[in-house]
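Here's the letter readout for the chains.
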Amino acid sequence: MASAPRVSGGASLAGRRWRPPPLIKRRWLRWTLGLGVALYLAAAFGTIEVNWSRVYDGLPRGQAFLAAFFPPDFTSRWEEILEGINESLWMTVASTVVGIAISVPVGLGAARNIAPAPVYYFCRSIIAVSRSFQEVLLAIFFVKLFGFGPFAGFVTLSFATIGFFAKLLAEDIEDMDPTQAEAVRATGAGWFQWLNYAVQPQVLPRFIGLSLYRFDINFRESAVVGIVGGGGIGATLNTAFERYEFDSAAAILLVIIAIVMAIEYLSGYVRKWVQ
Amino acid sequence: MPVREEAGLKVWQRRERGRQLAIWAGWLIGVTIFLYCFQLISDKTIWFFVLDAGTQAGDLGSRMFPPQWSYVDQLWVPLWDTLNIATIGTAIAIVIAVPVAFLAARNTTPSVLFLRPIALFIIVASRSINSLIWALLLVAIVGPGEFAGIIAIGFRSIGFVAKLLYEAIEEIDPAQVEAVTATGAAKPQVLAYGIFPQIAPAFAGISVFRWDINIRESTILGLVGAGGIGIQLNASVMELAWSKVSVILIAILLTVVVSEWVSARIRHAII
Chain A
1 MASAPRVSGG ASLAGRRWRP PPLIKRRWLR WTLGLGVALY LAAAFGTIEV NWSRVYDGLP
61 RGQAFLAAFF PPDFTSRWEE ILEGINESLW MTVASTVVGI AISVPVGLGA ARNIAPAPVY
121 YFCRSIIAVS RSFQEVLLAI FFVKLFGFGP FAGFVTLSFA TIGFFAKLLA EDIEDMDPTQ
181 AEAVRATGAG WFQWLNYAVQ PQVLPRFIGL SLYRFDINFR ESAVVGIVGG GGIGATLNTA
241 FERYEFDSAA AILLVIIAIV MAIEYLSGYV RKWVQ
Chain B
1 MPVREEAGLK VWQRRERGRQ LAIWAGWLIG VTIFLYCFQL ISDKTIWFFV LDAGTQAGDL
61 GSRMFPPQWS YVDQLWVPLW DTLNIATIGT AIAIVIAVPV AFLAARNTTP SVLFLRPIAL
121 FIIVASRSIN SLIWALLLVA IVGPGEFAGI IAIGFRSIGF VAKLLYEAIE EIDPAQVEAV
181 TATGAAKPQV LAYGIFPQIA PAFAGISVFR WDINIRESTI LGLVGAGGIG IQLNASVMEL
241 AWSKVSVILI AILLTVVVSE WVSARIRHAI I
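Protein chains in written order, with our numbering: chain A, 1 to 275; chain B, 1 to 271.
Warning: the hint list may mix true and false statements.
Said to hold, decoys possible - Calculated Cβ distances over 10 Å to all of chain A for the following chain B residues:
id: 1; residue: LYS10
id: 2; residue: THR87
id: 3; residue: ILE96
id: 4; residue: SER128
id: 5; residue: ALA140
id: 6; residue: GLY145
id: 7; residue: ALA168
id: 8; residue: ILE172
id: 9; residue: ASP173
id: 10; residue: THR181
id: 11; residue: VAL190
id: 12; residue: ALA192
id: 13; residue: PRO197
id: 14; residue: GLU239
id: 15; residue: ALA241
Stated by the list, open to error - Here are the simulated DSSO-like pairs of lysine-lysine, each with C-alpha atoms no more than 30 Å apart in a straight line:
id: 16; chain 1: B; residue 1: LYS44; chain 2: A; residue 2: LYS144
id: 17; chain 1: B; residue 1: LYS163; chain 2: A; residue 2: LYS272
id: 18; chain 1: A; residue 1: LYS272; chain 2: A; residue 2: LYS167
id: 19; chain 1: B; residue 1: LYS163; chain 2: B; residue 2: LYS187
id: 20; chain 1: B; residue 1: LYS44; chain 2: A; residue 2: LYS25
id: 21; chain 1: A; residue 1: LYS167; chain 2: A; residue 2: LYS144
id: 22; chain 1: B; residue 1: LYS163; chain 2: A; residue 2: LYS167
To be verified - The following label-pair restraints were derived from C-beta to C-beta distances:
id: 23; chain 1: A; residue 1: THR47; chain 2: B; residue 2: GLN198; range: 35 to 45 Å
id: 24; chain 1: A; residue 1: GLY15; chain 2: B; residue 2: PRO201; range: 30 to 40 Å
id: 25; chain 1: B; residue 1: PHE196; chain 2: A; residue 2: TRP273; range: 30 to 40 Å
id: 26; chain 1: A; residue 1: LYS25; chain 2: B; residue 2: GLU178; range: 39 to 49 Å
id: 27; chain 1: B; residue 1: ALA186; chain 2: A; residue 2: GLY268; range: 35 to 45 Å
id: 28; chain 1: A; residue 1: ALA101; chain 2: B; residue 2: GLN13; range: 19 to 29 Å
id: 29; chain 1: B; residue 1: LEU191; chain 2: A; residue 2: TRP31; range: 20 to 30 Å
id: 30; chain 1: B; residue 1: ASN107; chain 2: A; residue 2: PHE122; range: 29 to 39 Å
Source of the hints: derived by calculation from the structure; they are not laboratory data. As the structure is a prediction and not an experimental result, all values here were calculated from the model. Even for Gly, the Cβ is constructed at its ideal location relative to N, Cα and C.
Next up, chain B with everything else stripped away, as it sits in the complex (with noise of 0.2 Å):
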């Protein structure tokens, strides 16, 4: 026990000094790195503008109520869109996600050292790439609308999806697999009856997971021009319609509000 010793006295410390003096200087590093990026964030800020936020923020709440409601007639299909943006670019995801996931798991990829590493490489790429910065790419390339958004969110799912379903399939019981082989069954049989059913639970939990995050993530994507909810808010902000963006505020709150309780439904139902 560390015990430093006081007038005789001895004095229960929490951790030896040495130990102590390490932490003390972890702390010391951590917030001079903390206080030099802030320090370079000032002084790339003009502070008239952010001392200024608090009558910003009054004007635009003025401006933003009362919501302007006759405008949510021009947002059903817009929101229809966003929905389809999700479900189909979900969709998509999983169709491409499955076979990935089945080659970067160490226990079904048919090459450890040469599909197994591209397989991961699709992962991380996907994943660092944000759908919003996809669709950014795609609108260049194919296109402003809905089309560049369900490709977009797709893209961005893929290693999502493949990422923890490959985790699942890692995590599978091999003495169930063994079975299904004893029995003669050919490699897709093995897939069908050894493999699909342990991760099927996982599987479902993870698409429904994934469409929920894409439902949020849709309702941004108009913002580069694919489609959805996005562009009414983007034309809206440009025209400084405040009443309007209010409204489609509350309109994106309550889609993701009755997305999040539809999947939290369908996982629980799963699981």
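One chain only, chain A, in its complex shape (with noise of 0.2 Å):
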């Protein structure tokens, strides 16, 4: 015998299917999240400004970009080409080791646990501020500041970093043990011998896995830097683009792709081996 499924109240309801839970449960939540996101797509849609006819024009573009991969043109510009990506390395090497250099001590302040009040909301603050503001708006400035060129870009790239590292390094350090940095202060450690042998060992690998991680993203913004006048592949990419050398700019593209890729097999690699 087939039996009715139980519903409370012990009524059988015959015929009534069932119906997945919704996904919020209050229904006037529901119902008020539901009209305010069609009146928002209505209000956006209705203002958004398409000109179909130049999209229409420009789909030959499209079409002789997607054609200049089949196949990408390495030649002809490839001395630009190589000399956009080593500035881009080198930019991507020296703001990283600067930018950890400069992320330690402000990590390190930005702890909870081991940094005083106002070290601590001192540390937080830089950390704000440079969180907030794109690499690319950084990146006009300190050009207008230093000058066209690679140097304003590696300024650029370390303070970015300063941000992104030092806050993660923070957020560990405030994870990390706190037995094993009180065992280490018993034995009478000096405020140096302690972080090396009671903090250091506990945050080293996320350390490292972070350091990499942090490569990663500043050769992918050292990319874009240029386009601003910051130096690297970025300015090489720009010109492609604007000279309409659309088997240039495909080759560009593919290079940083097989750099990224190379990067993040490496770096994957190396974070296994560490961790």
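Both chains are given apart, each in its own frame, so use the hints to dock them into the complex.
Below, the structure written as structure tokens:
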């Protein structure tokens, strides 16, 4: 005998199908959110101006770009590409090293469990400032201050590294095991010895992982700061687009993708080896 | 324990000698590479301009202050456009990223040999290219304007959303999927009742997280002509109207802070 589904009150509701529980339980909230989203979308689509005839005109250009990938033209601009990639790599290495070197004291200061309150708030505000602005916005200013070229890009990426690295380092220090730190302190270690033997070994694996991750991000961003004059492959790419040399642009994009993949693969390998 | 003898006394040291030397060699190589890179950057730098930066900064600061507050009136429309670029771009990315993620996840892909590598390549290609570069490309193809910005944000976000989503799919509990399958559910039903409820919180979290990032990114797309507040920023920088630039920067900062607060609240409510 087929048993009817039990519902509250014991009434058998034959013919009423089971329905999955809704994502948002409160009915009024569900309806308000739905209505809000619909209104927003209507307003948004109402104000976006799309010049469809221009889009249509651009389609052959899009096709030309896609066709440029088969085959991409590595040869005719090879020297510029090589120079751009080299500059990007130098910028990445130098800015990752300098950024991390500055991040370590900032990160130590921004960890609540080891820093006094004034230092904590000071370091946290440095992190907040560095994190709120896009790399490209910073690059515009640093290009104004330091002139065109890789130095401006290097300063931008170093500064952007601080916000990312110091924040994550501070969070990792806050999560560390306090008993080990206490044990080292109990031996009469000084502050630097305490850092070196109690804190550093606990955060080292994550420190290395984060460094590699940031290296990866810095390389990607180095491709962008060039667009506003910060040196690197971005400048080469921008020139290629401005000349509508899509086959060279395709080659540059493929080189960027290949290097990003290589760095990602290497860093994944090293991280596995460290942990 | 690594111990060294010194005049009959045993002295503890942290590492064996070989290991210590290897670490020193590693440091030596690292520092050499760094110095070499810095040397090359330095060769390409006009140091006169760099040393001049202090006075330049002072000059810039005096021009940016006081901000020209009346300019705010002209910023509401660009800010609205910026919000639209980020939101609609994220929505488009999510719609495309979901099937890509299911194709890329090892446990849901229909073919490991053929479709999975394609999905992975889509993810990598989308992630390696910054949204500003996508915008540069799309402005050349579809013309300047918000449309290029929306598509650029969408393209860049596909890889991000799909990567995090497919990692979430690979970590689901297979027992629930098996239970649903055992009731005789068809493939789409398994997807809807066995897999989706397990990844729904991660999915919502990822989407909101990416929306927050996209708000930041869409503020700069205007630099290459792809709509949003970046157009005003670029124009003001070009005409050296630094008192307007400072207003725009404050507007961007406030937008970013608000979007971060909203996304933190939503993620908190979901998880």
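*Hint check, failures only*: Those not satisfied are hints 2, 4, 5, 6, 12, 13, 20, 26 and 30.
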